[in-house]
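Asker: Residue-level listing of the chains:
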Amino acid sequence: MTTGDAVARLVREEGPRVLATLIRVTGNIELAEDVMQDAVVRALETWPRDGVPGNPRGWLLVTARHRAIDLVRRRARGTAKEAEAMAMTDPPPEPVEVVRDDLLRLVFTCCHPALSLEAQVALALRTLGGLSTAEVARALLVPEATMAKRLTRAKRKIVQARIPYRVPAADELPARLAGVAATIYLIFNEGYAAGAGADLVRTALTVEAVRLARLLAELMPDEPTVLGLLALLLLQNSRRGARLDADGRPVLLADQDRGRWNAVEIREGVERVGQALRRTPDRPDAYVVQAAIAACHALAPSPAATNWDAVVSWYDVLLTVQDTSVIRLNRAVAVAERDGPAAGLTLVDAISGLTAYPWWHATRAELLLRLGRGEEAREAYGQALAAGMSEPQARHLRDRLATC
Amino acid sequence: MPTYIALTYTADVDWTRPEYAEETKEYIAFGQAAADVLRGGHALYPTATATTVRVPDGKGGEVVTSDGPYTETKEALTGFYLLECADLDEAVAVAAKIPAAWNGTVEIRPVITF
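Sequence lines, in order, name chains R and Z.
Counting in my numbering, the first sequence runs from 1 upward without gaps.
Counting in my numbering, the second sequence runs from 1001 upward without gaps.
Pulled out of the complex, with its shape left as it was, chain Z reads as follows (with noise of 0.2 Å):
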């Protein structure tokens, strides 16, 4: 069966903070309601505890780290899951009932098993 990784992007913010325990229940009722296609997922922290790692100068260079990205967009990544689903139309169904889905946006992408 094909794995699905869904992503969250709403607006950029810090789950940790009691003022979002609210929605936090929200994500772990859709985590319990979707426990059997449900293969892992994380929250992340907000977008301000980001870091940029490039290597420019190629394979085995200098490494530049810098600090964000910030993007202008209000929306930012805030999460992934990670699904088992037969096919598109059961990742559409299960990914139209994590609460990012009317909170942002969801974007759901295959994800190459090697």
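One chain only, chain R, in its complex shape (with noise of 0.2 Å):
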């Protein structure tokens, strides 16, 4: 690695930051951005040749601060408003517990539920995660020029509208943070639908989420909320090697080669199961029991050997603070590994208001060809196709269609 590479990436890790207690003592995103950009641009070209100073995130933020006070000043001549400048030169307090609030509040800001999903999605890529405004449109499938315009709107808004910089009290805080929870997760989405062959960037984003998750546990280590994601994204990208095949085609998970799965993820995300049940109240959180189950598939060393009884219960437990259709579908195909397949059809054939979805008609026709009921199968299968899916996944019923 080159001196400038190794510089880049410490500025990228030291940005969000930097930018965060920039926000603060301007109170003004747009500039804090400027003046960071400024400060970025100046370390990458003198440290690679003067060297890297003793505190890095000290000198951007001195440099940018500087910067940023010209520029008020400059602005606000022989105004009231060189108050405000003047006060920024009073000497910000930086001790871990100041940046650490800092970067808090910058997260809830940027997943404010006053902006929209994309505009959080945006700001979080860019802002948290240090992206360019160039790399996220890349990632979200954007033209770059769009991307900018989604991004300034974004900003404008959150000075404009006064969308405040500040942690929410406690009893806004769950509902906060799920809404937090629900914009990382949809990153780390969105990265994992892209699939192989698609651009690097695009799938990148299942480790900026992971990312995301880590910088959040780090920032609130006691919110089951916060280690449930963490844990759940981890487990889920640990398949990350072995969900889709030669030909890009995705594997079931009873057909992958668990061989193929990250070790290291796995036990990580375990743990952070472990903690978060620790940390659990009476009510669980969803993400949490989510997880919980991921970790059920992944401690398994075969799909055989799978303690189904624990991922029943825990889908009895998820029913409890999250009762969908879907999740009693998925409650029912753990069942039918666990007591066969006439009980998991009995139970698949209660759940209403889902004759829309692919995949009831497809559980259904699994169950019917393993009861050996291959005419009810075949029916069941042309349901599922004529409700529309994916090519690859279309194509993998198609097989088990062959089989009827």
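There could be a bad hint or two in this list.
Stated by the list, open to error - Keeping only pairs whose Cα atoms sit at most 16 Å apart, straight-line, the calculated EDC-like set for lysine to aspartate or glutamate is: (1) Z:K1074 with Z:E1026; (2) Z:K1097 with Z:E1026; (3) R:K149 with R:E135; (4) R:K157 with Z:E1107; (5) Z:K1074 with Z:E1084; (6) Z:K1025 with Z:D1014; (7) R:K157 with Z:D1089; (8) Z:K1097 with Z:E1084; (9) R:K157 with Z:D1087.
FYI, nobody ran anything at the bench for these hints, they're computed from the structure.
Both chains are sitting in their own frames, so use the hints and assemble them into the complex.
Answerer: Written out as structure tokens, the structure is:
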């Protein structure tokens, strides 16, 4: 790695923290980004030549602050706003916990419910993830000009509508934290769904999401939602190497080569589930429970050796916090594995409202096939295919249909 | 402190008619409860009283007035409040207590002070 690369990486790692403090100090996210950009350019110019300063974060902050003071003074010459600039010359306190709180405030600002979900995702990647506008645009399959406009509009709204830069009070925290988690989960799914052959920037969204979840876990180490989210992302990501075959077709969980699952991510994911469960009050968090289910799969050496009893129990818990037909369907699948296809089919048939959902038909078909009811299975496969799905998924169902 | 306007969109109603007296009382109660941050506001006559004014030929040109607008949507602009709040979160908390929030929609916009 060249010095330039090392400097670029260091700048990217420190960037969000410095930016978070700058936003607090200047009270203006756009100004903070502008002066941060200037400081980054200067760092990339001078550090490779003169060496990295002893306190890179402090260097970036001081350089950006000087620039901000310059700018505000120039804009506010002769007006009362000069006081604002003067207030900024006081050196900001920089102990670890202040920087931590600044970052946390930035997290909640970027994921404020008054911003559209797409704006939240873009802002999180840009300001918290430190990606460039071009990278965010490519990752989300949006033209760069559109993304630049989206980011500008979101930042303007933060400034003009005064979206506060603070950590929500205890009574609003659960709802707001759920919003932050949903944004990070959405980023993960964007990358996860991109599949093989997609732009690397796009698939790297899973890595970004894990990074953001990890950052959040560092900032709020006692929140079960946060620990559960991180665990769930790690456990889902651990299957990355096994979930597509050589032709890029999805491989079912049961057929995946478990030797290709990432053991390091599984170990950490399982550990995080444990931490989350120990901190879980009477009402469990949906992310924690989903992570617990993922952990049951991750820990099983083979599909047959899966602890289906535990999986079914976790689905029972999940239904107490989030009762949806799709979760009922997933539970029925686990029951079929534990008690046989007949028991599973009874439960699947009892779920209403999923006739437009291809996986309800596909699950019925699979269970009918296992029960030797070929004709009914064929019919159900046909209904699943008619309900519509992606081509690789349809190919898998057609293969199954051929065995009926 | 920034000022926000809270625009209430509800079914197109005539607040002067007796059948809306109960609902009007709810708005008055809100006004009293939010007196600290309220900087003005009014209920509006129904959209049937609205007139649209345009000067299509440019400044100084002929004035064209027309009846309406009537929109196809179920919700019409029926009133507004001016709120002086510290930030958007506070404005949202106040707006959530306006009866229109459960009878329709409340739109909050920051007001520019030149």
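Asker: Against this structure, judge whether each hint is valid.
Answerer: For each hint, the structure was consulted:
| no. | hint | result |
| --- | --- | --- |
| 1 | Z:K1074 with Z:E1026 | 21 Å, violated |
| 2 | Z:K1097 with Z:E1026 | 10 Å, holds |
| 3 | R:K149 with R:E135 | 14 Å, holds |
| 4 | R:K157 with Z:E1107 | 14 Å, holds |
| 5 | Z:K1074 with Z:E1084 | 29 Å, violated |
| 6 | Z:K1025 with Z:D1014 | 14 Å, holds |
| 7 | R:K157 with Z:D1089 | 13 Å, holds |
| 8 | Z:K1097 with Z:E1084 | 15 Å, holds |
| 9 | R:K157 with Z:D1087 | 12 Å, holds |
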